[in-house]
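Construct all of the structure, not just a fragment, from the sequences and the given hints.
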Amino acid sequence: MTTARVRAHRRLQAFRVVVLTVLGLFFLVPLGSMAAYSVRVPAGGRTLDFWRQLGQDPDLRGAIVTSLELSLLTVVLMLVLLVPTMVWVRLRVPGMSRIVEFLCLLPLTIPAIVLVVGLKGVYAWVTYFLGDSSLTLTFAYVVLVLPYAYRSIDAGLASIDVVTLSEAARGLGAGWFTVITRIIVPNIGAALLSAAFISVALVLGEFTLASLLSYTNLQVVINLLGKSDSQTSVAASLASLVFAFVLLILLSLVGRRRGARRTAPALDLMAPPVAKEG
Amino acid sequence: MIATSTGAREGLEVRLEDLRRRFGTVTALDGLSLTLAPGELVALLGPSGCGKTTALRIVAGLDEPDSGRVVVGDRDVTDVSANKRDMGMVFQAYSLFPHMTAQQNVEFGLKLRGHDSTRRRARAGEVLDLVGLSSQKDKYAGQMSGGQQQRVALARALAIEPSVLLLDEPLSALDAKVRAQLRDEIRRVQLEVGTTTLFVTHDQEEALAIADRVGVMSQGRLEQLDAPEALYSRPGSAFVASFVGLMNRVPCEVQGGRATLLGTSVTTLDGSVHGGRGVALVRPEQVQVAAGGDDATVVHISFLGSFSRVTARLVEGTELIVQTPSATVQDLRIGDRVGLSLLADDLLVSATTD
Ligand SMILES: Nc1ncnc2c1ncn2[C@@H]1O[C@H](COP(=O)(O)OP(=O)(O)OP(=O)(O)O)[C@@H](O)[C@H]1O
Ligand SMILES: [Mg+2]
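If you read the sequences in order, they're chains A and B. Start counting the first sequence at 144; every next residue gets the next number (our numbering). Start counting the second sequence at 451; every next residue gets the next number (our numbering).
Source of the hints: derived by calculation from the structure; they are not laboratory data. Hints are supplied without guarantee of correctness; some may be wrong.
[Unchecked claim] Per label pair, the in silico range of CB-to-CB distance:
1) B:516 x A:220: 30 to 40 Å
2) B:530 x A:320: 16 to 26 Å
3) A:261 x B:595: 48 to 58 Å
4) B:696 x A:249: 30 to 40 Å
5) B:569 x A:205: 31 to 41 Å
[Said to hold, decoys possible] Over the 12 Å line for every Cβ pair with chain A, so calculated as not near, a few chain B residues:
6) 489
7) 510
8) 519
9) 548
10) 585
11) 596
12) 606
13) 644
14) 652
15) 653
16) 671
17) 695
18) 754
19) 763
20) 785
21) 802
[Said to hold, decoys possible] Which residues of chain A face chain B? A few of them, derived with a C-beta cut under 10 Å, are:
22) 176
23) 178
24) 304
25) 307
26) 308
27) 310
28) 313
29) 314
30) 317
31) 319
32) 321
33) 322
34) 326
Using N, Cα and C, we set each Cβ at its ideal position, and we do this for glycine too.
As structure tokens, then:
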């Protein structure tokens, strides 16, 4: 019996190693090749020139800034839109939660190309009111990240007793703004963080919408650059990929900590001053 | 004492006037009226779904009545939102903010009122002391037992010196022993601070033990509001009688304000049927059992410590529960014939169909 179990255990162990190796190679080989390619000098030897170029090429630099700004704006708008709405739905119109969920998950089922056809018309107005800065892509991106952000925030809200906590806070004199910022948000910090990370990763890697709506973001410029200066473009790709990877790894760490947090303080994102409402 | 150390605050009168509330086709409150005297603790008692929580939530401002008013002192608060009503609440579900320590929880309401940190700390210290938890002030909800959490919740509600204290089955998630202990503690604290309190429960023992007056609710209305002793000994209706304490229903004949049962004639209480057949409501301790009689057969005996409960079947088939000192039933066996005699002078006799 024991030998059988030991053998089974060993087999499982071997299986794990194989899977991890295969997957690791699958992800690391292209990354490694990209890294190697981005430092190669055709005549032989290595150089970091192409990486330095990342900070120097004005187009690329601009695009990096734009994409970072876009991800920040997207995260902020997404949170401002989603958190109060989802809390409100839970508290006041629980019957609507199915509809809200459906709406939020909808973008997942619509191919980007179809989305663009719809957005074209809307963006005529967006441009009319807000100018044609690439930052207006924020609106499209909020729609794009909605399904992922919704899922993660929903899980966060499900893990606390939103109704009782907010009623307790209201009874103590808290207005809605205080309830959301001081009671709800600190208790779903991990969920918000993961929603934010996923959104950032998504926005940094986004190409289709930006390109088809004729805006410039990081991926659009990398793509353009690929035609003239392929090594710098690969360096930029690699940098954005690694950045997204790091975010996702951080996310899984945060997610793991959430389980252990039942007894410890949650991260209090809005700790200091209490908002006073009239 | 708290009240003196932070500026004494008299309890306020609280009036619920003809409250009505419907949820779709369900009528949760059907004209509930209730007045709590200043500093009084009233327990709302009733079966599940009779509207107790709805009533409490309307007083708290967490729900709105379709019609009717809530008046605190001489202020009509019906249209005031929950965060401006100045009421302390303790819920059935654990409601401590998980990301704050006990002390921070207690300070939360004070912070919102703009008190500075010295004053907050002092006040939090006082109320945590009052509920006997000063030593736990740095713990998070997840590190405390259910009873401790509810005590912190009570301290948190009291910290803001509310005009009214609202408790919605705060003990129902706790085990029997902690429950009885905390129940007495809530009463002690309430007497000490003198806050007018509405305590919702479906546990009649709890209601009788803690309240100045108990309001028995049924289907969205108040059936009877009375002191615990009065409610127990002079129930105003068959519903109240059967809901508060154990009650035997013994068929009897009524004539001219008197009923005859178990060979004894007793006066009928107000609200009884006036004549003909009826059902007398008899408490288990209002009957005496004696070996060797010929009124009933013993069908069951349960030993409850100093008291025992004997179930006896009358000749015509009615079963009667008798509570009696255990010493008197030592020699009784199931199947024995026993004599029963009535110890009451007056009884409520309801219509047979009730
Ligand atoms: N938000 C709501 N939506 C629909 N129906 C409701 C709602 N709240 C209460 N009800 C209904 O109103 C009635 C009274 O409910 P309430 O919660 O006041 O009862 P309760 O006396 O507190 O019962 P319990 O002892 O079980 O807590 C019930 O029939 C309940 O189903
Ligand atoms: Mg209830």
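Each hint tested on the structure:
no., hint, result
1, B:516 x A:220: 30 to 40 Å, "39 Å, holds"
2, B:530 x A:320: 16 to 26 Å, "18 Å, holds"
3, A:261 x B:595: 48 to 58 Å, "55 Å, holds"
4, B:696 x A:249: 30 to 40 Å, "59 Å, violated"
5, B:569 x A:205: 31 to 41 Å, "53 Å, violated"
6, 489, "20 Å, holds"
7, 510, "6 Å, violated"
8, 519, "20 Å, holds"
9, 548, "6 Å, violated"
10, 585, "18 Å, holds"
11, 596, "14 Å, holds"
12, 606, "7 Å, violated"
13, 644, "20 Å, holds"
14, 652, "19 Å, holds"
15, 653, "20 Å, holds"
16, 671, "25 Å, holds"
17, 695, "32 Å, holds"
18, 754, "37 Å, holds"
19, 763, "48 Å, holds"
20, 785, "53 Å, holds"
21, 802, "45 Å, holds"
22, 176, "46 Å, violated"
23, 178, "42 Å, violated"
24, 304, "6 Å, holds"
25, 307, "5 Å, holds"
26, 308, "6 Å, holds"
27, 310, "5 Å, holds"
28, 313, "4 Å, holds"
29, 314, "4 Å, holds"
30, 317, "6 Å, holds"
31, 319, "8 Å, holds"
32, 321, "7 Å, holds"
33, 322, "9 Å, holds"
34, 326, "6 Å, holds"
The structure does not agree with the numbered hints 4, 5, 7, 9, 12, 22 and 23 stated previously, though it agrees with the rest.
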